[in-house]
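Protein sequences, first through last, are from chains A and B. Using my numbering, the letters of the first sequence map in sequence onto residues 1 to 139. Using my numbering, the letters of the second sequence map in sequence onto residues 1 to 150.
Quick caveat, the hints were computed from the structure, so don't treat them as lab data. Owing to the predicted nature of the structure, the values given are computational and were not obtained by experimental measurement. Just so it is clear, CB atoms sit at the ideal spot from N, CA and C, and this is done for glycine as well. Don't take each hint at face value.
[Claimed, not checked] Using 27 Å as the maximum straight-line C-alpha spacing, the simulated DSSO-like pairs for lysine-lysine come out as follows:
1) K91(A) to K18(B)
2) K28(B) to K81(B)
3) K93(A) to K81(B)
4) K78(A) to K18(B)
5) K81(B) to K18(B)
6) K93(A) to K18(B)
7) K28(B) to K18(B)
8) K91(A) to K28(B)
[Stated by the list, open to error] To give an idea of the interface, some chain A residues facing chain B are shown, with a C-beta separation under 10 Å as derived from the structure:
9) G28
10) V31
11) A33
12) D35
13) M39
14) H48
15) G50
16) I82
17) T83
18) F86
19) K93
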Amino acid sequence: MSRSDEPALELPAYARSLGIVLDRIENGLPVLAVDFGSMVEGRPQHFHGGATSGLLEVAGYAGLREALKEQRREHRLKPINITVQFLSAGKMKRTFAKARITRLGRRNANLVVEAWQDDRSRLIASAVMNILMASPDGD
Amino acid sequence: MSEPQRFDPATAAPFMLKHGHVGWLGLKYRDAGEDWVELELPWREDLLGEKSRNILASGPIISLLDMASGMAIWNTTGVFKAIATLDLRVDYQRPARAETGVIGRVECYRLTRSAAFVRGVAHDGDPADPVANMAGCFMSIAGDTRRVPE
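Next up, chain A with everything else stripped away, as it sits in the complex:
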């Protein structure tokens, strides 16, 4: 099956309504982005930590799904936990996030997800996520 036959990256309803989009694919992993707006605003003129966390989490799942697709594996993904580090304030700018898969096991995956704005070396937040990979039709 050629790449063009595959469905485009599918984001959950929550991600779409928050305005999260696929910005590009980089080394086989999606870079997601969200523009600043009232829907993501916390204290005036800054990203809300919850919105940043939401972007990190969606980017984590999107990255893992791509990695599993690459291995032709099908799983139902279930969250185990997430720890978010808030590193600097998210300003009124487009924010990007991309996952790094630290370990892809048979039943669980460990990811590090990073979020940045215009300077990639200055992260605004990062997250560590553990995700359970269950069989497509149950546990």
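Start from chain A and add chain B according to the hints.
Relative to chain A, chain B alone:
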């Protein structure tokens, strides 16, 4: 000059939950005690995580707990001032029930001069059977950060 008023979550909530990200999520105030605050995230179709199941995505649950954390801290100190989340950990215990809102209850269990430690749960009716457990750490932001030269 009169004393500044003590932060009251019930009074502040309608304004605080009206705007921005939490306004968009539709967070609602439920209850508060001496060192805790309870908010609710109503179920909404466009906040779903997986298309095959009518379950809220986990992103909005983090927002719910983050906001309840902030309000629990202001409620405990009695003072509304800028704080920043340092880190937040959420352990998911089970999926939320389909077509059901989620309640976030967070307590501020320790305050130091510059840090505040919080813990809480997200549940969908029974706090003893939580959807998620949470722990976090916040710092106070000295002054108005927008005036600090870069």
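Tell me, which hint numbers fail for this structure?
-> 4, 9, 10, 11, 12, 19
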